Amino acid sequence: MAKQVLSCTVNDEPTETLVQPWDTLLDALRERMGLTGPKEGCGTGDCGACTVHFDGKPIASCLLLAMQARGHNVRTIEGLGKPGALHPVQEAFVKHGVPQCGFCIPGVVMAAAALLEENPRPTEEEIRYGIAGNLCRCTGYTKMLTAITEAAGAAAGRRS
Amino acid sequence: MRRFELVLPESVEACVKALAQGGGESRVIAGGTDLVPQMKNGVLKPARVIDLSGIPRLRAIEAGNGQGIRIGSAVTARTLELDRAVRGHYLALAESGALVGSVQVRNLATLGGNLCNAAPSADMAPPLLSLDAEAVITGPKGERRVPIAAFFTGVRRTVLAPDELLVELAVPNPGPRSGGNYVRHTPRRELDIAVVGVASQLTLGSNGVCTKARISLAAVAPVPLRATAAEQALEGQPVTPERIARAADLAVEAAKPISDQRGSADFRRHLVRVLTRRTLTTALARASA
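Here the protein sequences line up with chains A and B, keeping their order. The first sequence begins at 1 in the working numbering and counts up one residue at a time. The second sequence begins at 1001 in the working numbering and counts up one residue at a time.
Since the hints were made in silico from the structure, they are not lab data. The structure displayed is predicted, hence computed values, not measured ones. The reader is advised that the hints may include incorrect statements.
Over the 12 Å line for every Cβ pair with chain A, so calculated as not near, a few chain B residues [said to hold, decoys possible]: (1) 1017; (2) 1053; (3) 1162.
Pairs of lysine-lysine, DSS-like flavour, derived with a Cα cap of 30 Å [claimed, not checked]: (4) B/1017 / B/1045; (5) A/57 / B/1040; (6) A/57 / A/3; (7) A/57 / A/95; (8) B/1212 / B/1256; (9) B/1141 / B/1045; (10) A/3 / A/95; (11) A/3 / B/1045; (12) B/1017 / A/3; (13) A/95 / A/82; (14) B/1017 / B/1040; (15) A/3 / B/1040.
Using N, Cα and C, we set each Cβ at its ideal position, and we do this for glycine too.
Please put together the full structure from these sequences, using the hints given.
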């Protein structure tokens, strides 16, 4: 079985990558493109550590076959902000020292960034619902809520 | 994951052709949220996987001229949750979409996948049963329509032949003065599987008399089922709290639950009574609004 060519846009760059038919998008990002921000936690869509944006929407990249991303737009944590120009969610996570072990953080940040894109002023309930698919084994949820709430205010301020 | 050949059709016709060539060794993949974990843990080892994501018709929602809605089988749970046409007349279905997995899963998981995986607890099945939906199926011999009540044949079994594809769901518009509601019980609020799910749909005449009642149950039998005796107890008269309580008792009799790690048979019967009462009460309020 031959490798197939995956043509898609990753972090705003059009890319062509050779992938195996059974590679997941997460495999392709980590193993073939060197983007190790998205993590493999459970590999079954339960933990959210592999969250990336797929045409702007958060998905579990461990469940999508890599070739299913052909023609689509993928954004990983590497393409969310840059040093010196972090995304408001990243700024707030740094300011509040949210990461403990850090493994879940790229996924949480991507889920939170997608939430704020869709709903710039979420209630606490909506934030909880928005990151319900992200498990933090350090149980650092309280600081996440604080940081995402603050980021929502900052993002809304930047828009106006 | 065990190796497989991946086929990328761009039309329903090409997909059906690929299925016919597979000789039963093929599996179609849409969101992958059920299939990929089963392939990773070795429960499923298909030689060929056929991807549905490149077929535009399967992702379409057509709400034509108020007669009803046609929802492509690869429409995601997240789209069902948010789509204005679905929320407008088919709110119980939107509610079931909102309950599946997390947002990361809902952006992948599809209506067709939920139905074809045919778990007794499938959340999208009860609302479709209560809305009298039909499955539109295509195969080598052409298209056929199957009432959703006849679509499920057992645990993880459907009427689909190995060379057939579920293309879309045709859902008639329940009309004005109709309201529906889907509720399930899970120990956790998110990322859990229904211990019991109930979808009710009530349609009222201009005089307030119930012209049509539908009550459908998930996770209380090998297949999702309707509580027809409970429905009949409501039709032809105004819906009162007493009649809702009577219908909830009758719904319990329709349930044939088992005891498993999610709940005992007795607990499930209790849940059927409670959730039937709650969903009927909400459906009545929505139909009257």
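For this session: Assess, step by step, whether the Cα of residue 3 of chain A is no farther than 30 Å from the Cα of residue 1045 of chain B, and give holds or violated.
Result: 19 Å, holds
Exercise. Is residue 3 of chain A within 30 Å of residue 1040 of chain B, Cα to Cα?
Worked result: 19 Å, holds
Problem set entry | Pair hint residue 3 of chain A and residue 95 of chain A, alpha-carbon separation not exceeding 30 Å | 44 Å, violated
Problem set entry | Given pair status - residue 82 of chain A, residue 95 of chain A, alpha carbons within 30 Å | 16 Å, holds
Exercise. Going straight from one Cα to the other, do residue 1212 of chain B and residue 1256 of chain B come out at no more than 30 Å?
Worked result: Holds - the C-alpha atoms of residue 1256 of chain B and residue 1212 of chain B are around 24 Å apart, at most 30 Å.
For this session: With 12 Å as the threshold, tell me whether residue 1017 of chain B passes as away from chain A on beta-carbon distances.
Result: Non-interface label stands for residue 1017 of chain B: nearest chain A Cβ at 19 Å, farther than 12 Å.
Exercise. Can we trust that residue 1162 of chain B is non-interface, i.e. its beta-carbon lies farther than 12 Å from all of chain A?
Worked result: 20 Å, holds
Exercise. Going straight from one Cα to the other, do residue 1017 of chain B and residue 1040 of chain B come out at no more than 30 Å?
Worked result: 27 Å, holds
Exercise. Is the Cα-Cα distance between residue 1141 of chain B and residue 1045 of chain B 30 Å or less?
Worked result: With a Cα-Cα distance of about 27 Å, the restraint between residue 1141 of chain B and residue 1045 of chain B holds, given a limit of 30 Å.
Problem set entry | Given pair status - residue 3 of chain A, residue 57 of chain A, alpha carbons within 30 Å | Measuring from Cα to Cα gives roughly 27 Å; hence the hint holds.
Problem set entry | Restraint check for residue 1017 of chain B with residue 3 of chain A, where alpha carbons must lie at most 30 Å apart | With a Cα-Cα distance of about 23 Å, the restraint between residue 1017 of chain B and residue 3 of chain A holds, given a limit of 30 Å.
Exercise. Is residue 57 of chain A within 30 Å of residue 95 of chain A, Cα to Cα?
Worked result: 26 Å, holds
Hint compliance for this structure: hints 2, 10 are not met, and every other hint is.
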